[in-house]
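Protein chains: 2
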Amino acid sequence: MLNPEGKPESAAETAAPAKKHGSDLEIARAAHLRPIRDVAARLDVPEEALYPFGHHIGKIEDWYLQQIEDRPDGKLILVTAITPTPAGEGKTTMTIGLGDGLNRIGARTAMCIREPSLGPCFGMKGGAAGGGYAQVVPMETINLHFTGDFHAITAAHNLLAAMLDNHMHWGNAQDIDPRRVAWRRVLDMNDRALRRMVIGLGGPTEGVPREDGFDITVASEVMAIFCLAKNFDDLHERLGAMVIGYRRDKSPVYARDIEAPGAMSVLLQQAFNPNLVQTLENNPAFVHGGPFANIAHGCNTVRATRAALKLSDYVVTEAGFGADLGAEKFFDIKCRKAGLNPSAAVVVATVRALKMHGGVDKADLGKPNVEAVRAGAVNLGRHIENLRKFGVPLVVGINRFGTDTEEELQAVVDYCAAQGVEAYVCTHWADGSAGSEAIAARVRELADGETTSRFAPLYSEELSVEDKIRKIASELYRAGDVVLSDAARAEIRRLTKLGYGNLPVCMAKTQYSFSSDPALRGAPEGHTLEVREVRLSAGAGFIVVVCGSIMTMPGLPKVPAANAMYVNENGQIENLS
Amino acid sequence: MLNPEGKPESAAETAAPAKKHGSDLEIARAAHLRPIRDVAARLDVPEEALYPFGHHIGKIEDWYLQQIEDRPDGKLILVTAITPTPAGEGKTTMTIGLGDGLNRIGARTAMCIREPSLGPCFGMKGGAAGGGYAQVVPMETINLHFTGDFHAITAAHNLLAAMLDNHMHWGNAQDIDPRRVAWRRVLDMNDRALRRMVIGLGGPTEGVPREDGFDITVASEVMAIFCLAKNFDDLHERLGAMVIGYRRDKSPVYARDIEAPGAMSVLLQQAFNPNLVQTLENNPAFVHGGPFANIAHGCNTVRATRAALKLSDYVVTEAGFGADLGAEKFFDIKCRKAGLNPSAAVVVATVRALKMHGGVDKADLGKPNVEAVRAGAVNLGRHIENLRKFGVPLVVGINRFGTDTEEELQAVVDYCAAQGVEAYVCTHWADGSAGSEAIAARVRELADGETTSRFAPLYSEELSVEDKIRKIASELYRAGDVVLSDAARAEIRRLTKLGYGNLPVCMAKTQYSFSSDPALRGAPEGHTLEVREVRLSAGAGFIVVVCGSIMTMPGLPKVPAANAMYVNENGQIENLS
Numbered sequence: 001m002l003n004p005e006g007k008p009e010s011a012a013e014t015a016a017p018a019k020k021h022g023s024d025l026e027i028a029r030a031a032h033l034r035p036i037r038d039v040a041a042r043l044d045v046p047e048e049a050l051y052p053f054g055h056h057i058g059k060i061e062d063w064y065l066q067q068i069e070d071r072p073d074g075k076l077i078l079v080t081a082i083t084p085t086p087a088g089e090g091k092t093t094m095t096i097g098l099g100d101g102l103n104r105i106g107a108r109t110a111m112c113i114r115e116p117s118l119g120p121c122f123g124m125k126g127g128a129a130g131g132g133y134a135q136v137v138p139m140e141t142i143n144l145h146f147t148g149d150f151h152a153i154t155a156a157h158n159l160l161a162a163m164l165d166n167h168m169h170w171g172n173a174q175d176i177d178p179r180r181v182a183w184r185r186v187l188d189m190n191d192r193a194l195r196r197m198v199i200g201l202g203g204p205t206e207g208v209p210r211e212d213g214f215d216i217t218v219a220s221e222v223m224a225i226f227c228l229a230k231n232f233d234d235l236h237e238r239l240g241a242m243v244i245g246y247r248r249d250k251s252p253v254y255a256r257d258i259e260a261p262g263a264m265s266v267l268l269q270q271a272f273n274p275n276l277v278q279t280l281e282n283n284p285a286f287v288h289g290g291p292f293a294n295i296a297h298g299c300n301t302v303r304a305t306r307a308a309l310k311l312s313d314y315v316v317t318e319a320g321f322g323a324d325l326g327a328e329k330f331f332d333i334k335c336r337k338a339g340l341n342p343s344a345a346v347v348v349a350t351v352r353a354l355k356m357h358g359g360v361d362k363a364d365l366g367k368p369n370v371e372a373v374r375a376g377a378v379n380l381g382r383h384i385e386n387l388r389k390f391g392v393p394l395v396v397g398i399n400r401f402g403t404d405t406e407e408e409l410q411a412v413v414d415y416c417a418a419q420g421v422e423a424y425v426c427t428h429w430a431d432g433s434a435g436s437e438a439i440a441a442r443v444r445e446l447a448d449g450e451t452t453s454r455f456a457p458l459y460s461e462e463l464s465v466e467d468k469i470r471k472i473a474s475e476l477y478r479a480g481d482v483v484l485s486d487a488a489r490a491e492i493r494r495l496t497k498l499g500y501g502n503l504p505v506c507m508a509k510t511q512y513s514f515s516s517d518p519a520l521r522g523a524p525e526g527h528t529l530e531v532r533e534v535r536l537s538a539g540a541g542f543i544v545v546v547c548g549s550i551m552t553m554p555g556l557p558k559v560p561a562a563n564a565m566y567v568n569e570n571g572q573i574e575n576l577s
Numbered sequence: 001m002l003n004p005e006g007k008p009e010s011a012a013e014t015a016a017p018a019k020k021h022g023s024d025l026e027i028a029r030a031a032h033l034r035p036i037r038d039v040a041a042r043l044d045v046p047e048e049a050l051y052p053f054g055h056h057i058g059k060i061e062d063w064y065l066q067q068i069e070d071r072p073d074g075k076l077i078l079v080t081a082i083t084p085t086p087a088g089e090g091k092t093t094m095t096i097g098l099g100d101g102l103n104r105i106g107a108r109t110a111m112c113i114r115e116p117s118l119g120p121c122f123g124m125k126g127g128a129a130g131g132g133y134a135q136v137v138p139m140e141t142i143n144l145h146f147t148g149d150f151h152a153i154t155a156a157h158n159l160l161a162a163m164l165d166n167h168m169h170w171g172n173a174q175d176i177d178p179r180r181v182a183w184r185r186v187l188d189m190n191d192r193a194l195r196r197m198v199i200g201l202g203g204p205t206e207g208v209p210r211e212d213g214f215d216i217t218v219a220s221e222v223m224a225i226f227c228l229a230k231n232f233d234d235l236h237e238r239l240g241a242m243v244i245g246y247r248r249d250k251s252p253v254y255a256r257d258i259e260a261p262g263a264m265s266v267l268l269q270q271a272f273n274p275n276l277v278q279t280l281e282n283n284p285a286f287v288h289g290g291p292f293a294n295i296a297h298g299c300n301t302v303r304a305t306r307a308a309l310k311l312s313d314y315v316v317t318e319a320g321f322g323a324d325l326g327a328e329k330f331f332d333i334k335c336r337k338a339g340l341n342p343s344a345a346v347v348v349a350t351v352r353a354l355k356m357h358g359g360v361d362k363a364d365l366g367k368p369n370v371e372a373v374r375a376g377a378v379n380l381g382r383h384i385e386n387l388r389k390f391g392v393p394l395v396v397g398i399n400r401f402g403t404d405t406e407e408e409l410q411a412v413v414d415y416c417a418a419q420g421v422e423a424y425v426c427t428h429w430a431d432g433s434a435g436s437e438a439i440a441a442r443v444r445e446l447a448d449g450e451t452t453s454r455f456a457p458l459y460s461e462e463l464s465v466e467d468k469i470r471k472i473a474s475e476l477y478r479a480g481d482v483v484l485s486d487a488a489r490a491e492i493r494r495l496t497k498l499g500y501g502n503l504p505v506c507m508a509k510t511q512y513s514f515s516s517d518p519a520l521r522g523a524p525e526g527h528t529l530e531v532r533e534v535r536l537s538a539g540a541g542f543i544v545v546v547c548g549s550i551m552t553m554p555g556l557p558k559v560p561a562a563n564a565m566y567v568n569e570n571g572q573i574e575n576l577s
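Just so you know, the sequences run in chain order C and A.
If you're matching positions, the first sequence starts at 1 in UniProt numbering and goes up one per residue.
If you're matching positions, the second sequence starts at 1 in UniProt numbering and goes up one per residue.
Simulated from the structure, these hints should not be mistaken for laboratory data.
Wrong hints could be hidden among the right ones.
Computed list of lysine-lysine pairs in DSS-like fashion (alpha-carbon distance at most 27 Å, straight line) [unchecked claim]:
#1 C:LYS471 to C:LYS337
#2 A:LYS558 to A:LYS362
#3 A:LYS558 to C:LYS250
#4 C:LYS230 to C:LYS310
#5 A:LYS337 to A:LYS310
#6 C:LYS558 to A:LYS250
Small disclaimer: the values here were computed from a predicted structure and weren't measured.
Given the sequences, and given the hints that come with them, work out the whole structure.
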């Protein structure tokens with residue numbers, strides 16, 4: 001399992017010793033899929049509102065989404081996690097397992113997750129469709145081109161880039177400064193050689209020479225907009241509002257200034273409709289959009305979440321990275337901007353990851369070490385404290401591994417109880433919904449307790465950009481100080497002057513620590529958060545705050561997963577997992 | 001209408017005065033489409049062999065293609081054309097109109113055409129799905145992402161590029177010379193600024209600096225292979241055989257040397273199945289693949305053509321550019337290599353284009369000028385002579401325009417009669433199949449006349465590369481001489497030494513003249529063909545012979561068609577045509 005960032009998000013499939021039926025791919029292939037129209041029918045979506053891609057994938061048509069717009073919302077449940085380690089936590093697996101568990105106990109539930117990115121799929125081994133007996137299917141299609149959404153986003157993004165360079169080539173009426181172009185290109189590929197380049201070489205017929213580079217598609221602002229836009233008009237408006245560069249007088253040039261948003265919307269029209277698939281247990285799952293969790297907010301589309309809320313009583317969704325990043329952005333950006341009101345949250349933890357937070361090396365994770373579990377639990381404790389600040393009731397879900405001892409598991413449960421939180425040992429990876437029934441029952445109770453959720457974002461948008469950063473740093477990261485680089489400070493001044501000071505901030509920080517030092521596990525405090533840079537995403541509607549270095553174009557490893565992939569003599573894909 | 005090269009291929013829609021129901025898009029939208037399963041059923045393709053994309057597009061599953069492999073073939077009919085001019089000829093429109101005409105007279109017929117490319121669609125105004133009452137539908141989907149085939153080809157191509165740069169980055173075990181990389185990247189976009197670039201900048205963690213560039217996807221060798229491969233094994237084998245660069249000792253490095261073909265095949269698996277759509281008259285049309293007609297052979301996939309031949313009694317297909325390029329490559333590359341046996345050919349001409357060949361300026365095309373028509377008919381005559389050398393019986397189809405006079409049309413018919421060829425005035429653009437009934441009846445007769453077609457390629461593969469070039473130049477182009485640059489001569493020697501001397505040649509010459517001077521209209525002879533360069537496409541299985549300059553990455557015009565496109569308040573796409 002890989003998240004769009006190419007980092008292991010769950011090691012459950014590789015670490016768990018009790019593989020009953022082989023690889024994720026083998027389990028997925030053995031699944032009994034229902035026609036997607038039957039899955040849609042369980043949500044009362046009529047067949048004519050479904051645009052099929054094969055027999056097991058469908059997009060919900062826009063006219064139908066408009067028709068159900070005024071229905072009341074179901075309950076929204078967020079799955080988030082402790083600070084990730086190489087040992088893994090398994091957010092996607094928990095999201096699917098919990099959704100299957102809720103359906104098992106009679107709660108009409110849909111899941112909402114992100115679409116996998118091709119890049120990491122061919123880089124590190126693995127896709128992003130869950131694992132074990134908690135997967136969405138058809139796994140190969142979802143992990144490969146799926147319904148072409150990312151290709152459409154890539155095309156829309158690059159059309160804007162081509163129109164921009166073309167504009168400069170043909171007279172540059174907008175007077176765009178080739179040194180201040182703020183729009184790179186994208187590919188859904190891990191390709192480090194494209195990070196920095198010089199384009200437009202070859203003389204006056206070949207464009208204007210300038211520095212450029214490619215990011216991976218999930219890092220595109222078009223992707224962020226795609227995931228935050230409420231409807232088609234909103235999408236079009238936001239595309240037009242993107243700042244793509246600056247004139248020689250330093251005034252911003254917007255995408256609308258070069259007449260690009262219409263054609264970009266044309267390219268995105270079909271992609272913008274949410275994709276419906278099913279879990280191994282034939283429950284409905286929306287898989288739509290997949291923005292980076294660093295320079296963007298890391299959640300599936302608002303459109304899918306809203307559709308799911310109209311069509312089912314409970315919706316389980318996930319946010320990227322640990323709760324300090326993913327849940328914060330889910331609440332402060334996605335929920336605030338889309339008017340969503342989350343009813344409950346699940347924090348995913350594993351004994352193995354807590355051991356790593358407690359100081360154990362990866363090689364020793366298989367050995368029982370209850371003391372390390374207790375020591376590492378402070379990481380979980382910190383996330384619990386943080387999440388309470390958003391006013392959403394929560395439980396802890398422990399993804400059980402075969403090497404976990406009862407004593408270790410009990411230590412986590414006890415730790416949580418001491419914090420006033422219930423923790424549930426979950427085995428959906430090995431057992432499907434039978435392994436998540438208990439947590440599902442409790443989550444339903446929490447979500448149904450109308451009075452317990454008093455969701456509110458952490459900060460007011462009225463705060464200054466710097467104060468927003470300081471509030472997140474002190475209250476969630478427990479930093480002792482925030483230091484902004486001169487460049488960051490100057491850019492904040494500039495953006496505030498341009499009228500962007502009221503946007504929420506999108507923190508881009510290492511996911512491996514509460515601090516900006518990835519080596520600091522557990523629950524560090526008093527550290528200094530260094531803000532290197534800020535970047536405007538005017539169309540997405542946030543200011544990216546870059547703490548440390550962030551990677552927007554991954555590279556392939558020395559031996560890419562691609563090397564081992566092939567189509568076998570039966571037409572089946574091998575070594576995609 | 002634009003062909004993948006972005007050049008006007010038919011001006012019928014813009015030039016014809018008698019637009020009965022508005023634009024192509026309006027006509028297409030008003031069409032009564034049948035469910036694609038019903039269209040498939042007319043070919044006796046069972047519903048389970050159809051992978052639907054929405055309700056009006058389907059891919060034919062591979063298992064079904066294997067099942068029908070041993071059936072006898074229907075008759076294959078090629079639509080080709082005179083030398084193109086800005087006045088247009090309308091090959092795609094004729095292909096669809098003739099296919100509809102054949103169905104109208106009771107001949108069970110399928111059509112095979114190329115998929116449109118996104119690049120030109122957003123550049124010059126127009127897609128490539130036919131025009132007027134001879135279109136394939138759903139037009140917007142076909143002209144946009146369709147079934148994602150081009151995106152899959154783009155991804156497979158660029159994965160290989162990423163793996164190649166990654167290989168050089170991580171130790172370069174194959175000792176690939178960064179100065180001799182022979183694999184560029186692609187995007188389905190008109191983007192001149194990407195033609196020449198330097199990548200891998202930024203220091204030792206960012207890849208190996210080298211010159212690179214992007215071509216448009218239709219120019220990818222993966223596209224050429226996709227269109228020539230007979231089955232999945234052949235596809236995989238050809239991908240592996242592509243030369244992607246050279247070692248410091250100048251020996252070739254193949255795609256298989258860096259273990260790329262398996263993953264590329266995985267990316268292409270679904271795309272490789274042929275797409276079935278319908279014409280406005282609900283007749284079956286395969287739209288699959290779309291290689292450049294200059295550095296590649298310019299025909300739809302062998303796989304679609306073979307499927308159509310198994311499933312119907314007649315198959316009408318087209319080849320890019322004029323007959324000197326398109327038909328020659330169709331016969332000498334596609335038919336030879338795929339074992340296809342064409343039964344008849346139609347040469348498309350228009351009065352307007354013949355007038356241009358007769359010396360009339362574009363501005364004066366609306367004025368009657370029978371003398372100019374007669375003078376320009378030598379271009380048509382030359383193509384007729386040429387086509388006879390392949391042993392395939394032929395007729396001429398005249399795409400009628402509103403400005404054509406009876407006298408002008410008769411002049412073309414009379415000219416053809418003098419050459420011993422029947423010519424038919426066709427009005428399928430305005431009238432649908434009613435306007436192509438006469439030519440359809442004659443084409444059926446020709447195709448049914450078993451003894452009349454004695455198809456043979458023009459040259460033997462055993463000839464030397466230079467002799468193949470000379471044979472085409474003297475017999476088809478009527479060049480007086482062929483002059484090879486030193487570089488071309490040296491490369492031919494090198495490729496011959498490497499064992500590629502027996503490959504057919506793929507001529508890359510201007511489509512606007514029999515000569516290599518685009519300004520030489522009519523039927524020039526005695527000119528000198530200058531061969532600047534030759535390029536190996538080892539996987540596709542041909543040697544590209546470059547005469548003059550060829551463009552593999554188009555640019556956008558000053559005012560791209562994209563500027564005017566948008567999605568209207570009813571969710572309909574505007575200004576895509």
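Going through the earlier hints one by one, which of them does the structure break, listed in rising order?
As far as the earlier hints go, not one is violated by this structure.
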